[in-house]
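Chain B: place on chain A using the hints.
These protein sequence lines map, in sequence, to chains A and B.
When you line the first sequence up against full-length UniProt numbering, it's residues 1 to 530, in that order.
When you line the second sequence up against full-length UniProt numbering, it's residues 1 to 530, in that order.
Just so you know, these hints were derived from the structure itself, not from any lab.
Only a predicted model underlies this, so the values are computations on that prediction, with no experimental measurement involved.
Treat the hints with care, as some may be off.
One copy or two, either will do: identical chains are not told apart, so a pair holds if it fits within one copy or between any two.
Computed list of lysine to aspartate or glutamate pairs in EDC-like fashion (alpha-carbon distance at most 16 Å, straight line) [claimed, not checked]:
1. Lys-191 x Asp-219
2. Lys-245 x Glu-482
3. Lys-139 x Asp-383
4. Lys-245 x Asp-361
Protein chains: 2
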Amino acid sequence: MSRMTTNTMSRRHLLTLIGKNLGAAAMMQGMGTLGFAAASTYAGPIRLDGAPKGTQILVLGAGMAGLVAAFELRNAGYHVQVLEYNDRAGGRAWTVRGGDRYTELGGATQSCDFADGLYLNPGPWRIPYHHQGVLDYAKRLKVSLEPFIQVNYNAYLHSTDAFDGKPQRFRAVQTDYQGYIAELLSKAIRKDALDDALSAEDAHLLLESLRQWGALDRDGGYQAGRRSSERRGFATAHGGGLMPKAVPSNLLPRDPLLASRLWQWLSSGNEQDFQSSIFQPVGGMDRIAHALHSQVASAVVFNARVTAILQDEQGVTVRYTDTTTRTERNAHADWLVCTIPLSILSQIDMAVGPDMRAAIDAVPYETSVKIGLQFGRRFWEEDEQIYGGITHTDLPISTIGYPATGYGSTGPAVLLGAYMWGPASYEMGALPPAERIAVALSQGGQIHPQYAREYQNGFAMSWSRSPFTNGCFAAWTDALREAHYANLCQIDGRIVLAGEHASHIPAWQEGAVLSSLDAITRLHRRIVNG
Amino acid sequence: MSRMTTNTMSRRHLLTLIGKNLGAAAMMQGMGTLGFAAASTYAGPIRLDGAPKGTQILVLGAGMAGLVAAFELRNAGYHVQVLEYNDRAGGRAWTVRGGDRYTELGGATQSCDFADGLYLNPGPWRIPYHHQGVLDYAKRLKVSLEPFIQVNYNAYLHSTDAFDGKPQRFRAVQTDYQGYIAELLSKAIRKDALDDALSAEDAHLLLESLRQWGALDRDGGYQAGRRSSERRGFATAHGGGLMPKAVPSNLLPRDPLLASRLWQWLSSGNEQDFQSSIFQPVGGMDRIAHALHSQVASAVVFNARVTAILQDEQGVTVRYTDTTTRTERNAHADWLVCTIPLSILSQIDMAVGPDMRAAIDAVPYETSVKIGLQFGRRFWEEDEQIYGGITHTDLPISTIGYPATGYGSTGPAVLLGAYMWGPASYEMGALPPAERIAVALSQGGQIHPQYAREYQNGFAMSWSRSPFTNGCFAAWTDALREAHYANLCQIDGRIVLAGEHASHIPAWQEGAVLSSLDAITRLHRRIVNG
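With the rest of the complex left out, here is chain A (with noise of 0.2 Å):
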C-alpha cells in the first residue's frame, strides 16, 4: 500500500491527478464557464479618486448611512464634518445594555437593569448573507458575526384560537401542512385530473418527488409512523440501550390545521430576507455602527439638533442646538449629506426645490415596537429545547425572540418579548413603557408560563415615539416611489439625501448602507466634473 503522505506532495502532482482522474479539460471547461449570479447590488469597497484638495462636506446623521458617507468621504481626502441628534453613533442600528437610560417622546424615562453581556437590539437585529454591504463593512472593521437563527423547528406556532391555544412545534405543523398536500397533490395526479398539465413522464417523476417530499408512504398517504415522525419528532423519542421504544407522534388533523393558520407562518424563512444563512453581530448590532465610529470619531459632533439647512452658490450652511449647552450653532461646508430621516427632516426648514420638498413631506413612517425582557435562567432552552429563533403568534405581541448566543449559559438571560407592527404596536406604544412591559409578560405567558416566576426586567421600545426618527422607517408605497423617489435621491445644488428612506431596501441597514454609497459616488463625481 502507499506510504504517500499528502503534505509530501505538490500542488503540480495534484492537478495532474485530477487531468488523470476527471480530464483536464472538463476541469478547465468547469473553471472558465462557471458565472456566480449576482446576489448584491454592493459592488465592493468604492473608490473615489481625484478629490479637489480642502473640499469640505457636512454630513447630517451618525447612523450608518451618515458613518458609512464620513468614511468614505475622508478615506477619499474630504474634510468631513457629521452632526448628530444623539449623544451616541448608530441611529437605529442601537443596542441597549445594562446602564443605559433613554427618555422617549412623551417623556417616560427608561432605565435599563440587563446584567452584564445582554441586550435588546431595539432596531435591526439581524443581517442576512445578500447585504454584502453592511457585511462588507463588518468584514473590513473586524466586526464579529455569529449566526442569527430565524426558523427553530423546535419553536412555536401559536394561535389563541387553534388547538385549545396550546403552541404547536413548528416541526409539527411544517411536516403536517407539507404532507398533506403531498398527499392531495399526489391524489389528483393518481385520478389524472393534472393530465392536461404535467406529461405521464413528469407525473411519474412528480410523485416519486412528493413521497420524499413529503414524508408519504409507497401509496402516497400521509400517515402517523416512522417516516412522518423522523420530522415532526416522536411521541417517544429513540433511545440508547434497553431504554423503551420509540413510540410515534400522531399527526394534527388536516382540517383543524388548515382552520388554525398556523401555516401562515412556515414561509418566513423561505423570504430572502430571512433566509439561512443569517447573522448578527457578536456583542449587539451596534458594533458595526461602533467600529465605523471609531474610524473617524474626531468629525462626529454629538448633541447636536439641526434645526435648518441653507445653501447657495458658495456652500451649505446647517443650523443646530447644542442640547448639552442649549446653544445655536452654525456648521459651514462645500457640500452636505444629509441622511435625518424623512419624518424629523419634514419639520425642518430647508433650502431645497420643491421636488425634493414634497419628496421628504410625501412619505410616511411604519411604527413598531420591541421589548427586551431579562429572565432568571434561559427556560426556553432548559425545560423546551428552544436554541434561537422565533416563536410566531397570533397574539398582538406577536413574536417571540430567543436569544441567538451564549446557548447553554447560565444566569440570566434577555428574550425578544414582543416584535410589533401596524395598529397593533401604536396601541402598545401608547400605553408607559411598564404596562408595556406587563401586557408582553401577559401575552408571553400563554406560551410560557415560566415568565411570571423568572421575569427580572425588561425595556420596551416604540418607535412612534422615538425623538431622533418619530417612527421606525420609510413606508413607501409603489405609488410614492413612483411620484417622488427619484425626487428624493437628485442632488439638489450642494445636498444630497441618504438613509433607508432613500433606498429600495427600507428598514434595512443594507438600504442605508448603498444608498450611502450611491450618494456620495454621485456627489462626488459632481464635485469633481462640477
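Frame of chain A, contents of chain B only:
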C-alpha cells in the same frame, strides 16, 4: 405622561398589571396546563446511589460511551479504569488539526498540515437540538457551542446531467419546486378534482394558504416576478439611491426541474436530525470528549489494544497489548463496561454467552469517507456569498460542507470536500489518501472552479480503513434488531456493552451517550441489588 421607570417597578406590581391586562385566572391556567412534549429520551443527569465501597469497574474504550461511563461511575463512587487503543480520547468524536499524524489500515500515513485553528471533524460534526444527552454534557463541562448551518439557501444543488451541469442555488430550486407544487394543487382544487377529499371551506382555506406558501399570484399561478424573486432572489437586486432598478429572476422551467432530481435534497433540513437549531462545539467536535476525559484522565490508559476479555464468578480479566512497549498486560476488575465497536469486538476472544456472541458477530458496519481541504481564502464566502451550510451534488463526493465558524475571516480555511457513504466511499477508500484528495478536488472543482488555484493541503479519512473501528457505525436493519438487539444489550454475567451500536440512534454521539447511561444504570442496579 408617565415618568415611571421600569427598574423601580416591583415584580409584584408587574404581576398585578399582568392580571389587570389579561386576567390572572387565564395566566394561572396557562401556567398550569401547558405541557412540553418530550424531545429527548435523556432524563437529565443520572444519579447512581449506594455504590458498594471498593467495587472496581473496567471500561474498554475512551470514546463518548466509555468516557461517559467512566465519568458517571467514578462520580458514583466506583473505582474505574479505562483502556483505550488510541493515544487520545474521543474515539470517532475526533478532530484532526495541523500537526496530527494518522496511519490507516494498509499503512498509509497522513500528516495534517492545516493552519492554526483549522480542523476537520472526520466523525460526527453536528449536534441536533434534541440530542439532549450530548448537549447536557457540553453544558455541564462548559464546552461552548455555535450553530452548525445545515441548510444554506445560497449554497448549491448540483447534478452533472441537469442544467448543463451548472449548480443551482438552493433558494431557486426550493422556491420553484414549492411554487410549481402549489400551482398544480391549486389547479386541481379549482377543477373540483379533490371535492371528495376537501370540504368547500377547506378548499378555500387551502387555496389561500397555497398562494402565500407557494408565492403564487392571485390566480394561483407561479410566475417570474417580485413575489417569486423575493424568495429565489432577483437577477438584479434592490439597491440604494439611484442604483439600477431591481430585475426579477427567471424561473427554472418546471419539467427540467422535475427531471433534474435536484428536489431530492430539499428535505434534508426537515429531518429532525438536521433541523435548525443544530450545533457544533467551538474549536472541534472532540472538545466534549476531551472535557469528559479531563475529568477522568488519571483513570485512562492509552495505547492499550485489547486481545481477550475473560470473566468468571470472581470478576473480569482483560488482556491487552501496550502498543508503545509491545508488552502483554492484564487488567482485573469486578465488572466490565465494553464500548469497543462490534466490528473490532467480533475479532476479540470474549467470554460471553452465545446470544451476545451472535449479536456481536451479526451486525455489519457502514463505511464513510470525509475529506478536509484547506484553501488559501474563503472563496465560497468572498465570491459566492456562501456562509456555512452544505452543497449537495450527485458526484461521488456527494457533499461540500462550508465551515460554520470564522465567517468573514481572511486567510486559509478548511471545507469538507467530500462526505461519502456506501459503494462510492469504498471505492474512494481504496485509493491512497493523496488520490482521494485529488478526486475530491477534481469533482468539487466542477462546482467551485476556484479549487485549482486556492488549494493548499488536505486530509482524507476513510472509515473502512480505520484501525480502531474497521468501519463507521453499526448498520442495523430491522431484522437484525429483532433478532439480536436485546441480546446485545443484556448484561452478560459481569459484562455490559455500550456505544452507538447498542442504541437506536446509530452513528450519533447521542446514541453512545444514552446507551452508556442506560448500560451503567442497569449495571449499577445489578451490583447494588446483587
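Which numbered hints are broken by the structure, listed smallest first?
4
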